[in-house]
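Undergrad: This is what each chain is made of:
Protein chains: 2
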Amino acid sequence: MGRKKELLPGTLDLLILTTLMRSPLHGYGIALSIKRLSDDFLTVEEGSLYPALQRLLLQGWVKAEWKMTDTNRRARFYALTAAGKKQLGLEVTQYEQMIAAIGRVLKGA
Amino acid sequence: MGRKKELLPGTLDLLILTTLMRSPLHGYGIALSIKRLSDDFLTVEEGSLYPALQRLLLQGWVKAEWKMTDTNRRARFYALTAAGKKQLGLEVTQYEQMIAAIGRVLKGA
DNA sequence: TCCCCATATATAGTCTATCTATGGATAGAC
DNA sequence: GTCTATCCATAGATAGACTATATATGGGGA
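For the protein sequence lines, the chains are A and B, in the order given. Start counting the first sequence at 9; every next residue gets the next number (our numbering). Start counting the second sequence at 9; every next residue gets the next number (our numbering).
Hint data in this document are derived by calculation from the structure and do not stem from the laboratory. These numbers come from a predicted model, not from an experiment.
Simulated crosslink set (PhoX-like; lysine-lysine; CA at most 20 Å straight-line):
{"id": "1", "chain 1": "B", "residue 1": "K43", "chain 2": "A", "residue 2": "K115"}
{"id": "2", "chain 1": "A", "residue 1": "K43", "chain 2": "B", "residue 2": "K115"}
{"id": "3", "chain 1": "A", "residue 1": "K13", "chain 2": "A", "residue 2": "K43"}
{"id": "4", "chain 1": "B", "residue 1": "K94", "chain 2": "A", "residue 2": "K115"}
{"id": "5", "chain 1": "B", "residue 1": "K71", "chain 2": "B", "residue 2": "K93"}
{"id": "6", "chain 1": "A", "residue 1": "K94", "chain 2": "A", "residue 2": "K71"}
{"id": "7", "chain 1": "B", "residue 1": "K93", "chain 2": "A", "residue 2": "K115"}
{"id": "8", "chain 1": "B", "residue 1": "K115", "chain 2": "A", "residue 2": "K94"}
{"id": "9", "chain 1": "A", "residue 1": "K13", "chain 2": "B", "residue 2": "K94"}
{"id": "10", "chain 1": "B", "residue 1": "K115", "chain 2": "A", "residue 2": "K93"}
{"id": "11", "chain 1": "B", "residue 1": "K71", "chain 2": "B", "residue 2": "K94"}
{"id": "12", "chain 1": "A", "residue 1": "K71", "chain 2": "A", "residue 2": "K93"}
{"id": "13", "chain 1": "B", "residue 1": "K43", "chain 2": "B", "residue 2": "K13"}
{"id": "14", "chain 1": "A", "residue 1": "K94", "chain 2": "B", "residue 2": "K13"}
With the sequences and hints as input, model every part of the structure.
TA: As structure tokens, this is what we get:
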């Protein structure tokens, strides 16, 4: 049926913002970080990641800057803005409420 | 920004199958049940629900039968098939793994 | 009696987000 | 010198959820 799902739809922005909360990172680094922290369970495809970063830039939640990486490559580093931090707080709250609500349905309270 | 989200995308089938696990119900009743169990947090729109039920029928996870409701109306009652029960088990497992993985990223393990 | 609300099903069209597929480029290892 | 991992990015396909709409009726209240 449906192809394999790498992510729960609707959670990508949350994952990216959370990752950037810890420290600015380039796109590839964001994907790696999410993959590793999730023990390889979550994979952010490039075709999802870069459009998502563009969206976040447009909304003013992150800002970008070209720099050199540790490994001596040019890369675009993304960092949270103040608005982005606020947005992250909002998304965490909404996510937790949503998960709790789904939990109530699953348990049949 | 995006319009208000009533559901976490990707969880609708899980919610429907779970609801039908308890007892056969008609579409309207499924929506009500999810709304009530979630304390009005989750709202299943008609335009999401009926297409989803068609999908589940096509996949053979539910079967349908026209009957009269308690309130004396014709309604289509949906019930889980054996395949549907199996699928539900699968989806619950995947969902829990997904949520756990997201949790690890959010907590920054 | 008549109107309205809650109940009940369903589809067409839109929108958004994710995935697939592809293209390009370079550092460093072997 | 070639290969792999690192890095960016977009076009197109797809899926799933939402909006809007259409239809219909039982039962309660004015």
